[in-house]
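Participant: Dock chains Y and X against the given chain C, drawing on the hints supplied.
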Amino acid sequence: MNFWEKFALLDRRIIFAFIFLALAVPLFYTIRQPIPVSPEGQAYYEAIENLPAGSKVLLSFDFDPPSSPELQPMAEATFKQLFTKNCKLVVIGLWPQGPQQAEKALASALKDPRFADKKLEYGVDYANLGFMAGEDVVIQKMNSDLPGTFPSDYKGNATVSLPIMQGVKNYKNFDFVINFSSGFPGTREWVQFCVDRSGSKMIAGNTAVQAPENYPYFRSGQLLGLLAGMKGAAEYETVSNQPGKGISFMGAQSVSHLIVMLFVILGNIAFFVSRRKK
Amino acid sequence: MRKPLLLGALVFLFLFISTPAQTPPAPVSDLEAIDAPDDAGNQVDLNWKPSPDETRAANPVIGYQILTAPAVDSPFVPIGTASFGATSATAKDGLKNGRPYYFKIRAYALDSSFAESEVAGPVVPQGSWWNTKPAYIRIFIWMALVVAFILYNIFLAGKKELYIRPIGGINAIDEGIGRATEMGRPILYICGLGDAAQAATMAAFSVLGRVAQKTAQYQTKLIVPCYDPIVFSICQDVVKGAYLNAGRPEAYNEKDVFFVAQDQFPYVAAVNGIMLREKPATNFYLGQFYAESLMLAETGFEAGSIQIAGTDQLIQMSFFIVACDFTLIGEELFAASAYLSKEPEQVGSIKGQDWGKVIFAGLSVLGVVSVLLENKIHFFGFFKKLMINE
Amino acid sequence: MPEMVSITIAGILTLGIMSFVYKDNPIYKFCESVFIGVSAGYWFVSIFYQSLLPQLTDKIGLTGELTDSALAYYRQTGSLASGQWFNLIAAGLGVMMLMRLLPKIGWISRWPLAFVIGSIAGLRLIGELQTNIMKQIKESILPLWAPQYADGSLNLAASLGQSLTNVVLVVGILTGVIYFFFSKEHKGVFGGAAKVGIWFLMVTFGAAFGLTVMSRMSLLIGRIDFLLRDWLHWLG
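Chains as they are written, first to last, in my numbering: chain C, 1 to 278; chain Y, 1001 to 1390; chain X, 2001 to 2236.
Bound conformation, chain C alone:
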């Protein structure tokens, strides 16, 4: 058996070990690499930047902890940019752990010393209305009665008692909608039932798996901006000048991709050499 035939039969656990090292070792070093910003990422940033100060924004957290390495950095940077513009934020979740992820992102954003003087208050400047079961039916129902769909917030307070929710009936009372999603229900459902029905303006942050499905919506103008995966988070952190985990993880991401490409090339060579020998 020559080298290529042995390589074709390589134990996958050796590949796993290489990938693990490719991801773990770069975390110990600061790898600086240029992060070119895609048109979708630039549009995401500009959509928020062009919001008038004090705009009321609805954010939907439709993901769970497994997707947090990709979506959490986006969410934290988004909160910071929104707080910089003194926007009022209302958070909901269509996945059970979504509101919990939002709490973590809010806590991280509120620790930023830039916002210490603003004395941001729960219920006045931001609120978390929690999770509601029903998936896309919930998005549909919010078109007519948002407070009725989320009668109490994440902490058990009556939604209508929160100052930030005064006068809010449906999407038309929000200036903007932002969705972070990793599956169903997610961005696609929000475009169908929120953007197309009520004419809301929306941007979205997706996992890299989901993003290709939603590029057509960006192309057609139904989405005003789209971030895709960790690269999208890194792009957004770059363009908004808020370095965070998105940028710091890209080094490990790049090294692992090189290792994957190397194995794909070597594996294909091994495959064709073995086939030719037969």
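Everything labelled a hint here was simulated from the structure, so no lab data went into it. From the three backbone atoms N, C-alpha and C, an ideal C-beta is built for every residue, glycine too. Hints may be right or wrong, so weigh each one.
Said to hold, decoys possible - One side of the interface only, derived from the structure: several residues of chain C facing chain X at Cβ under 10 Å:
| # | residue |
| --- | --- |
| 1 | Gln72 |
| 2 | Gly134 |
| 3 | Val195 |
Said to hold, decoys possible - Only some residues are given here: those of chain Y computed to face chain C with a beta carbon under 10 Å:
| # | residue |
| --- | --- |
| 4 | Lys1092 |
| 5 | Ala1135 |
| 6 | Val1260 |
| 7 | Gln1264 |
| 8 | Gln1313 |
Stated by the list, open to error - Some residues of chain Y that are not near chain C, with every Cβ distance over 12 Å (derived):
| # | residue |
| --- | --- |
| 9 | Asp1053 |
| 10 | Ala1057 |
| 11 | Arg1099 |
| 12 | Asn1171 |
| 13 | Thr1181 |
| 14 | Gly1194 |
| 15 | Arg1248 |
| 16 | Leu1294 |
| 17 | Leu1314 |
| 18 | Asp1325 |
| 19 | Gly1356 |
| 20 | Lys1376 |
| 21 | His1378 |
| 22 | Phe1383 |
Facilitator: Chains Y and X in isolation, oriented as in the chain C frame:
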């Protein structure tokens, strides 16, 4: 002492003379209020001529406020705003269908002084039965066409056999069942992570019925771990019904169809464990899948199973194509379900959709031609506007 | 200290699940069971307190009086939260669904099942038509020759680029639709067009695969970062 006082008085006098008097702005004129069309009866369209004081140098108008009241002599309350330069707005907050409303526009100046327009009204917002916007007319026509095509083809399918082209993965289904029977190992059937209302899940039920009927005949074990509780209920019914139809109700083991967890990765962890412990000969992944697709397919490959997959999630197709032996791409899953079941509803739906695709392709081609010829031939200009206008 | 205990437990469970890459083992089985059990428990508590109670008891006052949130809504709006009595019907359907557990009257659960499937199918029909068909047809109406101008004169390179993009898009759409046409066998010119369509699909799948590799690596980076930074404090 006198000199500073005199100087101060002179400065005050100068400022008093040079600062023009702040007069309230002129109101808007020709305010018109009409019931907004194509709504639920809670909106009123307002049009007006803007205040001439938008452009005055001192104390210009900076915006407008919309006021409403149920009667002329009732207090007018604000329900909306319009920005500087606006000549129209839609009043929508708090209006109820069938009740009369009166409207005024308040023009605000920089110094917060304001002037109100004449009252317009009464306007009674009425709900519309039909939405006559071009975008909704298009949807209605399209829906009517596709539903008509499908119903007609279902009718035809009940009368005669309609042709559906052969699909590669269909033979693999029977081969997979045969392989499991020969090896004496079970079949693992996963209906995906979608809910019961999704087309891919419904197609999965259809194929499950056929697979279950065969496993009942050949006495092969069938394991069906479910993600969604409603899908679990339906799978139980489908498998039980299939065993009844095969004449082997006693062979049905209700523990073989079970609910695992309605959480993506716990479900995957459990199914991966089942694969490595039970070592099924054949895995079926038919339905709606998300991020777990590659994990399932990889583990199945490791367990030595042959794998047949079908999903309408185009993004997950790449993993199934790479890791599975046979793949039904997108709509091939629905066609396979129709091909195997031969039910008129399913076959008719596939044929009706095919007619719809012809229309879709035709509209696309016509649209491209319209862009080329819109300025030369009137029809194409009209067609382009018909397809694009909202 | 309590946080360190929970982080340690999370770290051990992470390593337990990761041990699967070596081979299936009792530690993986234990961690898998813990994962499933905790997830089921979390979902139950979350749905019960955040969905079931607010939508059911708050609105219809099962406790005999309106709860705080419903009372506040009533004081502010003068009416009870929308869908109040509809929620009773929904509660009834939910109870009918639970009849599944009783074999003799399990058939009752088919009614709410039929309601759920039918209503959701109807709700989604318009959304899919509007968002995924009509808007996409609109976006596929593109000029095959798209001249681009810079400073009043034709930019040939940009024009060729944009025109090629448009041509690829239109050809991709049409050949993709042809591939999924089931009423005619893929032979001759039609078969050739279907083949072009499947090539477009395969390119799409390849691009999606690449993006998913990035996604998977991101997940693993997150976990490794947790192990090295939050648990072992090896990273600053």
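Participant: Take the hints in turn and mark each one as holding or not.
Facilitator: Evaluation of the provided hints:
The interface hint given for glutamine 72 of chain C is met, as the beta carbon of that residue sits about 8 Å from the closest beta carbon of chain X, less than 10 Å. Look at glycine 134 of chain C: its Cβ gets to within about 7 Å of chain X, closer than 10 Å, so that hint holds up. About 8 Å separates the beta-carbon of valine 195 of chain C from the nearest beta-carbon of chain X, less than 10 Å, and the hint is met. This hint holds: lysine 1092 of chain Y has a C-beta 7 Å from the nearest C-beta of chain C, less than the 10 Å allowed.
Among the interface hints, the one on alanine 1135 of chain Y holds; its C-beta lies about 9 Å from the nearest C-beta in chain C, closer than the 10 Å criterion. With a cut of 10 Å, the hint placing valine 1260 of chain Y at the interface with chain C is violated, because the nearest CB-to-CB distance is about 16 Å. Annotation: glutamine 1264 of chain Y was flagged as interfacial toward chain C, and the flag holds, the nearest CB pair being 7 Å apart, inside 10 Å. The interface hint given for glutamine 1313 of chain Y holds, since its Cβ lies 8 Å from the closest Cβ of chain C, which is under the 10 Å cut-off.
With a cut of 12 Å on Cβ distances, aspartate 1053 of chain Y stays outside the contact zone with chain C, its closest approach being about 24 Å. Under the 12 Å C-beta cut-off, the non-interface status given to alanine 1057 of chain Y relative to chain C holds; the minimum distance is some 25 Å. Distance check on arginine 1099 of chain Y: its Cβ is at least 17 Å (rounded) from any Cβ of chain C, clearing the 12 Å threshold; non-interface status holds. Chain C leaves asparagine 1171 of chain Y outside its interface by the beta-carbon criterion, the shortest separation being 25 Å against a cut-off of 12 Å.
Non-interface call for threonine 1181 of chain Y relative to chain C: holds, since the shortest CB-CB distance, roughly 30 Å, exceeds 12 Å. At roughly 7 Å from the closest C-beta of chain C, the C-beta of glycine 1194 of chain Y falls inside 12 Å, breaking its exclusion from the interface. The beta carbon of arginine 1248 of chain Y is kept farther than 12 Å from every beta carbon of chain C, the shortest such distance being approximately 36 Å. Under the 12 Å C-beta cut-off, the non-interface status given to leucine 1294 of chain Y relative to chain C is violated; the minimum distance is some 9 Å.
Listed as a non-interface residue, leucine 1314 of chain Y fails to keep its Cβ farther than 12 Å from every Cβ of chain C; the least gap is roughly 7 Å. Aspartate 1325 of chain Y, annotated as away from the interface, keeps every beta carbon of chain C farther than 12 Å; the closest lies near 17 Å. Under the 12 Å C-beta cut-off, the non-interface status given to glycine 1356 of chain Y relative to chain C holds; the minimum distance is some 19 Å. With a cut of 12 Å on Cβ distances, lysine 1376 of chain Y stays outside the contact zone with chain C, its closest approach being about 27 Å.
The claim that histidine 1378 of chain Y is not at the interface with chain C holds, since no C-beta of that chain comes within 12 Å of its own (minimum 27 Å). Look at phenylalanine 1383 of chain Y: its CB is around 19 Å from the nearest CB on chain C, clear of 12 Å, so calling it non-interface holds up.
Of the numbered hints given earlier, the model fails hints 6, 14, 16 and 17; all others are met.
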